[in-house]
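One-letter residues, chain by chain:
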Amino acid sequence: MSIPILEVMDLHAAYGRIEVLRGVDLTIPRGAVVALLGPNGAGKSTLLKVVSGQMRPTSGDIHMAGVAVEGASTEELARNGLCTIPEGRSVFPNLTVEENLKLVSYAGVPADKVLETAYRYFPRLDQRRHQLAGTMSGGEQQMLALSRALASDPALLMLDELSMGLAPLIVEELYDTVARIAETGVSILVVEQFARTALRVSDYAAVMTGGRVVATGEPDEINAKMSDVILGGAA
Amino acid sequence: MSSLLSFTVLGIFTGAAYAIAASGLVLTYSTTRVFNVAHGAFGMVMAFVYWDFSQRQGIPAWLALGLVLLVVAPLFGLFVQRFVTRNLGDSPVSVSLVVTVGLFVGLIGFAQWVWKPEARSVPQFFDQAGFNLGDVFITYHQLLTILLSAAVAAGLFLLLNRTRVGTAMRASVDNPELLKLYGGKPGLVAALAWAIGTSLAALAGILLTPVIGLDYYDLTLLVINAYAAAMLGRLKSLPLTFAGAMTLGILQSYAVAYLPSSGDLSGLRAVIPTLFLFAVIILMPQAQLRVGQVKGIVSAPLPTVRRSVVAGGALVVLMALLTLSMSSSNILLAGTAATYAMVMLSLVLLTGYGGHVSLAQFTFAGVGALAWAKLDSPNLLGLVLAALVAAAVGALVALPVLRLTGLYLALSTLAFGVLMDKLVFQASFAFGFNGSLPAERLALLGIPVTDGGTYVLLMTIVFVAMGIGLLQLRRGRLGRILIAMRDSPAACGTLGLNMRWFRVGLFGLSAGMAGLAGALFAGLRQTISATDFQLLSSLPLLLLAVVCGVTSVTGAAIGGVGFMLLPVLQSNYPGLAGLAFVVIGFGAVALGRDPNGIANLLFALGRKVEGRLWPAVADRMPSLPSLPLPGLRREDEPVGKHRHVDQPAWRIDLTPDDTQVVPMEGVAGHGASRG
Amino acid sequence: MALLEVDDVVVQFGGVTAVDQARFSLEGGRVTGLIGPNGAGKTTCFNVITGLQKPTSGHVRYDGRDITSMQPHRRAKRGMARTFQRLEAFGSLSVRDNVRVALDIHHGLRGLLQRTPASRVDALLERVGIAEYADERADSIPTGTARLLELARALAGEPRLLLLDEPSSGLDESETDDFGSLLRDLAGEGRAVLMVEHDMDLVMSVCDEIHVLDFGQVIASGTPGEIRANRRVQEAYLGQADEEPVEQTTLIDPITTEIPAVQS
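Going line by line, the protein sequences match chains A, B and C.
Read in our numbering, the first sequence has 79 at position 79, and its numbers run on one by one without any break.
So the number in our numbering is just where the residue sits in the second sequence, counting from 1, plus 235.
So the number in our numbering is just where the residue sits in the third sequence, counting from 1, plus 910.
For reference, chain A alone in the conformation it holds in the complex:
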């Protein structure tokens, strides 16, 4: 078996005195889509922050493609094949669509190629290239964010709550795009509240609560349990 794209081992992290990650173990095989599910406050977003270099872990190891990366800066990781789309609207609202896309070239892909790829996948963005990103609908903004993942051809893509505040149909469509990105061989970690949607596109799933990964398995196994976890016991 080849070296996994991401290996997180016994990772701990804390905000001040409050420990949020309490020994997370997670592996993403190369080319796989892994859904990371769990209730609010379980530490999912924090895990993404630590892996993307935005927050220092207190202990533990992170390996990307076999290389230890705990000390690397966010920018360094981003320039070397890690694409993170954080929670909330992850575009620059006061920049036009085109300017947003041009910044993708920091990841090492020439700007014209970024524009070409993005507009080919999303003709909608082409029509709106001079519009300020903040004035587009939430779905379009996430589409723009996803086009970064498409155009920069990352080794690992991490998505945090892509669906936040969006209508289900739009979420479906966004995840179709995620599935397409996955087909190009990109490994993906999906953090999502819309459990079923995320499970639809994933090869494996992991459930986090209380700062640990408490269950991993095939999407079907996890799906059976998710309703309990999210909507409360007696569903």
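Among the hints, erroneous ones may be present.
[Unchecked claim] Which chain B residues face chain A? A few, computed with CB under 8 angstroms, are given here:
#1 T402
#2 A403
#3 D409
#4 N410
#5 K415
What the hints contain is simulated information worked out from the structure, not anything from laboratory work.
On a predicted model such as this, the values are computed, not experimentally measured, just so you know.
Glycine included, C-beta positions come from ideal geometry on N, C-alpha and C.
Go by the hints and put chains B and C onto chain A.
Here is chains B and C on its own, set in the frame of chain A:
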């Protein structure tokens, strides 16, 4: 007609220079969220460097200009961003204000130290050559300035809209964290913005020098004009900033042309930018209460009532002993120290407890002194009235900016200081132009305190009383509300506190304390003039207050003595002129993040002495009674156990959304455990 | 008559609609839950009700009177109190002083002249169960405790309407149970309680009524039983169970119409 045209040309020239300066200010503020109060000081120092290169060392003007704009200024900007203002954008606005005011004062001191005062002139570019447009003569220097401002506008537009790094600059305004996730480097972007901003400040300074002269203060204060222009664009929009700068330049030029050049309104011409700034600030929309602000500031320990009374009594006794043996000039100095200490106490209330910054605290002292001299009733009632006048003025200054955030409040105090300096204090109904007023000494029960020593002792008693009163206030419910307001305005608002009036009250009280100090100072000096209360003294005062500890009464006492010693040091050691300001300025830069200052070091030392050394000493000499060290220990906590005061102060709360720790629950066991 | 009516409130940030014609009402003596996925606009709703956020359009009526543009402190004087999702405790004050400040503010000028009885402070701390932390600095206590502190602080004003933003996160299981019964007591005293909460066990067990917010709209209202059975709610929370990918290449605008039925 031709005069109107020529004044318009002059206005456009000045406006163009303002625009260059203001765009630099906007660039640095919008990319790093640090408002650089020292922007004008940057321009001033760079103008001096240009003079040094081109006049003293004889480097050709174009080469000198190139060296300053492309090498010295950008490197200086980079240096400041890297080592001084980095990460300040996330700090409370009071911290970034204090730090940049520190740069402001430090750079003035630095310039005075390096380039000793002497007449210097910088010729216009192209000498006086020019051309006629109709009957108006336009110098090439003016034309160059106007063209350069257009070039700056175009250059900034191209940079921000047509280059990747410029786009990254704008992106980092929106969301620096996200920029990092894209692989951009917000740190580099910020450094570049400061390099360009400093270069623009330098260019504006160099262009204006031939017109307004190479002066430490005039060039530095040009920054107010830049603020005013930048404020029209809300520190964000470059086009509006340019429009503001042009409007301001032309208004000012017309004011010179058409407003009276003598009489009480003559000062009006000098305060056009200030009035413009006021107008813009007042027209700004209401700022909404924000959640998720800074909280949990570590302050200096609060002594017990008994301890503060004992320490105050000790200070009075000490002063009584000192005044017995002092020469009259030293007594004057001691009184001056007491005055400064009282003004600093007013900052302890406003800045230390309230978290607001006033850049014109001396001006309020001046108002008190003026009221005292004008009221001419040298008794306690007169003293109270003088303080009340100052308090009312302070409240009036705070009133229009209540709706706004701390930065604008601080800037409007600066504008107020300039207004008083140039328009009011110099007017015939006040001190008069270069004039002074006689002031009498306070009389108690009808007996005037004529003896200097006794008067200074009286001032000390007033200081002690104010200090104890302040601590009492801090201990009481008002003090608690003050701290609560600083920690979370949003929570206070939703608990039912009308913070607008509370803030007006706070500002008024603080101004009243400064006014009381001013009135007593007037009595001490017996003649009083506008120069005693210059705006520019307020800035080092604020800095020294922060360096010495703006969160404690002890800090104010140390600061008062220190501030009194400054001019003494300068006159005794003229070679050091300016150096003291360098030390204070850069001291504040270093200590700005910890406003507990030197006083807190003393508290820590006191605890250490008591906690470690004293028991050891006492052990070895069991016959000695273990005396407490008055004033240096906090009593409400056991010695040695108390550690949190030593942590870095003014820390940012790091509680993002998902820090709540959810109890550990297995997926399978979940239903069973509650079911 | 309802104590609070939220009437067609819309909040837009730039081009994004955070609250979209939300409409619901609250009555005294009842605990109401406001639930929905992350980003559904729950906290924004709270901010509109308490006056920290001006709505783009719509009205808020309290006690029969339009308070849409009333300042936050005046709403508080009329008996509204809230806690915050991102903690807003007064970090440099002790836990006790946090509550004392709240009492002082509640008593206003009158309070400046008379002493706030210490027993009142202690009673509030006891009531929410954090008396043992009374002398700690508020920025050094655990998140769950700080949330209870915010509740105590809110109760100092003897509110008729209590708004709690994720009050139980950070509490352990037994603390959450205690908290649930405290909520019932508070409502039992005649208060209207509105709670944003993610712990569904808590919401389902203590709420009389639940409103579900999804992309800014109230998509369902009802008793816990009704909400649990509601398909739209399941969709909002879990996404569609539809196995067939939606065949569309371009993005459609946010839908406001009926959502297709779910195949489970």
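To see whether the hints hold, each was checked on the structure:
1. T402: T402(B) check passes; min Cβ-Cβ to chain A is 5 angstroms, inside 8 angstroms.
2. A403: Hint holds; A403(B) Cβ to chain A Cβ min 6 angstroms, cut 8 angstroms.
3. D409: holds (4 angstroms)
4. N410: The hint holds - N410(B) has a Cβ within 8 angstroms of chain A, the shortest such distance being about 6 angstroms.
5. K415: holds (4 angstroms)
The structure shown violates none of the earlier numbered hints.
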